[in-house]
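A.B. asks: Residue numbers (the numbering used here), protein chains in the order written: chain S, 1222 to 1377; chain C, 1222 to 1377; chain D, 14 to 306; chain F, 14 to 306.
Source of the hints: derived by calculation from the structure; they are not laboratory data.
Possibly wrong hints are sitting among the right ones.
[Unchecked claim] Partial list, computed: chain C residues near chain F (C-beta under 10 Å):
1) 1239
2) 1240
3) 1243
4) 1244
5) 1247
6) 1251
7) 1340
8) 1342
[To be verified] Computed far set for chain D versus chain F, every beta-carbon distance over 12 Å:
9) 48
10) 133
11) 193
12) 240
13) 293
Small disclaimer: the values here were computed from a predicted structure and weren't measured.
Just so it is clear, CB atoms sit at the ideal spot from N, CA and C, and this is done for glycine as well.
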Amino acid sequence: MTRAARDYDDIPGTYVFDGEHSRRGYALNMFCMSLNDEANRAAFAADPEAYLDRYALTPDQREAVLTRDWLGMLQLGGNIYYTFKLAIFDGLTMQDVGGAMSGMTRDQFTEMMVAGGRPPDGNRYRREWRSDTGDDRDEGNDRGDEEDEHGGGDRG
Amino acid sequence: MTRAARDYDDIPGTYVFDGEHSRRGYALNMFCMSLNDEANRAAFAADPEAYLDRYALTPDQREAVLTRDWLGMLQLGGNIYYTFKLAIFDGLTMQDVGGAMSGMTRDQFTEMMVAGGRPPDGNRYRREWRSDTGDDRDEGNDRGDEEDEHGGGDRG
Amino acid sequence: MTGAMRRTSTGVAIVAELVAGIGTSHVPAVGAAIDNGRQGEPYWAPYFDKIEPVRAWMAEADPDVCIVVYNDHASAFSLQIIPTFAIGVAAQFPPADEGYGPRAVPVAEGHPELAWHLAESLILDEFDMTIVNEMPIDHGCTVPLSVAFGQPERWPCRLIPICVNVIQYPAPTGHRCYQLGRAIRRALDAWPGDERVVIFGTGGMSHQLQGERAGLVNAEFDRAFMDRLVADPVAQAAVGHTEYMREAGSEGIELVMWLVMRGALDSDVREVLRVNHVPTSNTSNGLIVLEPR
Amino acid sequence: MTGAMRRTSTGVAIVAELVAGIGTSHVPAVGAAIDNGRQGEPYWAPYFDKIEPVRAWMAEADPDVCIVVYNDHASAFSLQIIPTFAIGVAAQFPPADEGYGPRAVPVAEGHPELAWHLAESLILDEFDMTIVNEMPIDHGCTVPLSVAFGQPERWPCRLIPICVNVIQYPAPTGHRCYQLGRAIRRALDAWPGDERVVIFGTGGMSHQLQGERAGLVNAEFDRAFMDRLVADPVAQAAVGHTEYMREAGSEGIELVMWLVMRGALDSDVREVLRVNHVPTSNTSNGLIVLEPR
Ligand SMILES: [Fe+3]
Ligand SMILES: [Fe+3]
Chain S
1222 MTRAARDYDD
1232 IPGTYVFDGE
1242 HSRRGYALNM
1252 FCMSLNDEAN
1262 RAAFAADPEA
1272 YLDRYALTPD
1282 QREAVLTRDW
1292 LGMLQLGGNI
1302 YYTFKLAIFD
1312 GLTMQDVGGA
1322 MSGMTRDQFT
1332 EMMVAGGRPP
1342 DGNRYRREWR
1352 SDTGDDRDEG
1362 NDRGDEEDEH
1372 GGGDRG
Chain C
1222 MTRAARDYDD
1232 IPGTYVFDGE
1242 HSRRGYALNM
1252 FCMSLNDEAN
1262 RAAFAADPEA
1272 YLDRYALTPD
1282 QREAVLTRDW
1292 LGMLQLGGNI
1302 YYTFKLAIFD
1312 GLTMQDVGGA
1322 MSGMTRDQFT
1332 EMMVAGGRPP
1342 DGNRYRREWR
1352 SDTGDDRDEG
1362 NDRGDEEDEH
1372 GGGDRG
Chain D
14 MTGAMRRTST
24 GVAIVAELVA
34 GIGTSHVPAV
44 GAAIDNGRQG
54 EPYWAPYFDK
64 IEPVRAWMAE
74 ADPDVCIVVY
84 NDHASAFSLQ
94 IIPTFAIGVA
104 AQFPPADEGY
114 GPRAVPVAEG
124 HPELAWHLAE
134 SLILDEFDMT
144 IVNEMPIDHG
154 CTVPLSVAFG
164 QPERWPCRLI
174 PICVNVIQYP
184 APTGHRCYQL
194 GRAIRRALDA
204 WPGDERVVIF
214 GTGGMSHQLQ
224 GERAGLVNAE
234 FDRAFMDRLV
244 ADPVAQAAVG
254 HTEYMREAGS
264 EGIELVMWLV
274 MRGALDSDVR
284 EVLRVNHVPT
294 SNTSNGLIVL
304 EPR
Chain F
14 MTGAMRRTST
24 GVAIVAELVA
34 GIGTSHVPAV
44 GAAIDNGRQG
54 EPYWAPYFDK
64 IEPVRAWMAE
74 ADPDVCIVVY
84 NDHASAFSLQ
94 IIPTFAIGVA
104 AQFPPADEGY
114 GPRAVPVAEG
124 HPELAWHLAE
134 SLILDEFDMT
144 IVNEMPIDHG
154 CTVPLSVAFG
164 QPERWPCRLI
174 PICVNVIQYP
184 APTGHRCYQL
194 GRAIRRALDA
204 WPGDERVVIF
214 GTGGMSHQLQ
224 GERAGLVNAE
234 FDRAFMDRLV
244 ADPVAQAAVG
254 HTEYMREAGS
264 EGIELVMWLV
274 MRGALDSDVR
284 EVLRVNHVPT
294 SNTSNGLIVL
304 EPR
C-alpha cells in the first residue's frame, strides 16, 4: 500500500507523527523514552553502544542517535517529545535542539523566540519556502528522499 | 460519599465489578494477575506468604487467598477473571470454582451444566431467592454485610 | 481474491471487501480441548461436529484479514490501564500466558497498514480508540481463530485485534458497539486495498462464571439475541447492561461485542450458519455466520 | 464551600459546582523556573508578574477539586499503548521522571470516588475512556498546578487528571473534545457531592518544537483562538487538525484540550482574566480564566 496523500503534507519543515511515521520510529522512540529511568540513563552513559543494542534501531537511526543528528532522528521516525529525552540526557535545552533542527545556533534561536518567534507568514506552505529563496529547503520533510536535506539557514 | 443504588443491585449471587468493587479489589486482582508470569508462579509456589507481601492486600483478602475462599475473594473486591488465575495455579477448573462459589461439588456443578445450566427462572431477582426458600441466600452480595454469608445450597 | 468495486464520481475504485461477519463464543476450554486432542471425547465431539460446517465455510471464504473483536481477560491489560476500545497495530501478536503457559498456536501476523488506517479513521470519526503497538492475544482472540481454522502451522490470514473492555463495569453500551462497527465499515470502504475481510464479534453467549449464581445459562435469551442480531440489530443495540447481566449472566455482557461485528455489515444480511451448544465449560456456546446481501 | 443547588422534580439537590474553567499553556520551562527559583530573572519576571492575578483569583476561588485536562508527554504512557482519552482514578499521583528526575512538587491527592463517577458516566455517555489506576503526572499536569498555586507544601485541592493524546496523530477532533467537556459537565451535574470544581484545559498556545520550522509562533492565531473560545466555541470546535498544525505549529494542536474545558462550562461565560506572553521557552504562553455566568 502506498500512503495516500494528506492535507498536512504541504506544511514545510514539519514531521507529522502519523501512523506511518510512528511505525518507522517505534524502536527509536522507545529507546528515547527509556531514558526516563535513572538506571537506564546510567547504563546508557556507561556504554552507549551496548545500551543501544537493547533496541532494534536501524543502522541509520543508530547513527543519528550517536551523532545527535536531531533533525535526522525526526526524519527517521522520531518524535520530538521522545527524542528530547536524549537532549535532556545531554543537558541541552529546547533552544539548542530547535536551533540545531533549523540551522541556527542556540543563541540565534533564543533571540528569534524573544523577538516573537518564527512568523507564520511565509512558513505555511512548502511552496512558500521554495519560491521564497529558490532553494529546496522544504525537502527536509519529503519522506521519500531524506538524505542530506537537513540544512537550511536562519529563517527567523 | 455513599454509593448510589444501582439497578443491578438486585441481581442475586452476582458481584458486579463496578468502580467501587474494583477499587476495593485492586491489590488482590493485581496479585492474581501476576500469576500470568512463570517466574512469579514459581516464587508464589516456593513461598506464598513472602510472595503475598509484595501486594498490599487487606488481612481479609490475604486470608481468602491462603484459604482459597473463592466466594470470599469476590466479596472482597476480586474479579473472577483475576481470581481464576489462582485457580489455574492450583490446577482447578471453572467447574471446581463455580461449584465452590455456589455450594456444590465439582461433579454436581458439571452435571448441572450438562443438564442445561442454572435456569434464569427464579434467579433474576434477590427477592426470588428470599421468597423461594425463606432464607437469606442473597446476602452474599450485600456489600455492607459480607461476613459468613458464603453458604447456600445447590440451586441448579 | 480481489476486493469490492466501489463506484465513485471519477470511476470505479477497489476497496476492501467485507466478506462476512461471524459471532462466536470464545470459551477457553474449547481451545484447551483442541490443543490437548480431546475433540473426539464424548463431552466434546458433539460440539466439534457442529462447527465442522463453519470450518468448511471459512476454507471457502478464504479471507486475507480477520478483524477479531474480543475482550482481553487480564492478559495484555491489567487493571492498571483499562481501555474501552483498543486496536492492535503490531506486526505480530504472540499468544498470551494466561497462567498455563501460552497456547501452542501460531503467532498471528498483523496488518499494520490497514490497522493504522482503521485507527486513524476511527479516531477522526470520533471513536476514542487506544492504539496498541505490542500485545499478546489471549483465548478471547485465539479460540475464535482455532474454531474457524483448526490447527494450521500458520494462521491462513492476517489479524487485526480490537479489544473491548467488558470486565470493568461499565462496558461500552450496545449502541456504542454497534456504532463502532458502522465506523469500521466506513473505514474499510475507504481503504484502497483489495483485501477480503471477515470480522468476528466474540464472547458470550449466556454465562456467569462468578458468585452464588455461577452456571447461569439462558438458552431462550441466546436464541432471541441471535434472531434480533440478524433481523433488528438496532433494537438489540438498545438493550442495557443490567438486562444482559440479569438475563444472560454477569459474563453474558460480552455479547455486546457481537454488535460491533453486526454494525460493520450491511443492514440486510443473510444468515449462513448457526450453531448452539450447551455447555462448553460453564458457558452457552453459540456461533453465527452472516453475509452481506 | 458548598456545591450548587439544582432544582429537581422532587425538590432541591446538592450537586458539584463548576466554579470556573482555566485554559493555560503547560510549558516545562515554567516549572523549571519555579523549581529553580528563577522567577525574578529578567527573562522570567515579566511572565510571572502577569500570572500573579491568576494566583490571587485561585486563592479566592479555593476549589476542592481540579480536573486537569492535559497530555502526557512520553512519561506515563509510551507508544506501546496510546489512549485517546484517559482518566486517572488513583488515590495519589506522583510527579513523573521526565529525564531530569521528578519535579520537587507535592504528590497530588486524587479523588477516586468522583473520578470513578466520571469514568462510569462518561463511558455510559458513549465516550470511550481508558481508566487508569496508576500513573505519574508530568509537566503537562504539574506546571498548570504550579502556575495556579505556586509552591505549597501540599496542593490545596484534589486532582482528577484527564489525559488526551495529542502526540500520536490523530488527536481527537476539536469537536469531540468539546463534546467530552459537555459530558463531563453532565456527570458533574449528577454527582451528589458538594465539591467546588475547577477544570483546566492545558497545552498550546502556538508552538512548534520540531523540524526546520521549529519556533513558529502565531500570536494572531492565539488571540483569535481565545476570542472564539469565549464567544463561539462551537465554531472553534469545528477547526481541523491541519489548520492548527499549519497556523499554530505542529504542537499547537494541544489547543484542542482547551475545548474540553470550554465544553464543561455553560454556553455563556464571563472572561475574568487573560494573559499572553511570548515566549516561554519555544512557546507562546497563554492563560484564560472563564466563569459560568
Ligand atoms: Fe470472554
Ligand atoms: Fe504539551
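A.B. asks: Each of the hints needs a verdict: does it hold here or not?
C.D. replies: Now the hints, each set against the structure:
Interface restraint check for residue 1239/C: the shortest CB-CB distance to chain F comes to about 7 Å, inside 10 Å, so the restraint holds. The interface hint given for residue 1240/C is met, as the beta carbon of that residue sits about 3 Å from the closest beta carbon of chain F, less than 10 Å. Taking 10 Å as the C-beta contact cut-off toward chain F, the hint placing residue 1243/C at the interface holds, the least distance being around 8 Å. The interface hint given for residue 1244/C is met, as the beta carbon of that residue sits about 6 Å from the closest beta carbon of chain F, less than 10 Å.
Against a cut-off of 10 Å between C-beta atoms, the interface hint on residue 1247/C holds, since the closest Cβ of chain F lies about 6 Å away. Checking residue 1251/C against chain F by beta carbon gives a least distance of about 9 Å; that is within 10 Å, so the hint holds. Here the hint on residue 1340/C is broken, as its CB sits about 30 Å from the closest CB of chain F, past 10 Å. The beta carbon of residue 1342/C is not positioned within 10 Å of any beta carbon in chain F (closest approach about 29 Å), and the interface hint is therefore violated.
Here residue 48/D stays apart from chain F, with its beta-carbon at least about 28 Å from theirs, past the 12 Å limit. Non-interface call for residue 133/D relative to chain F: violated, since the shortest CB-CB distance, roughly 6 Å, does not exceed 12 Å. At the 12 Å boundary, the C-beta of residue 193/D falls inside the reach of chain F, the nearest C-beta of that chain being 8 Å off. For residue 240/D, the non-interface assignment is confirmed: its Cβ lies about 26 Å from the closest Cβ of chain F, beyond the 12 Å cut-off.
With a least CB separation of 30 Å from chain F, residue 293/D remains clear of the 12 Å interface cut-off, as annotated.
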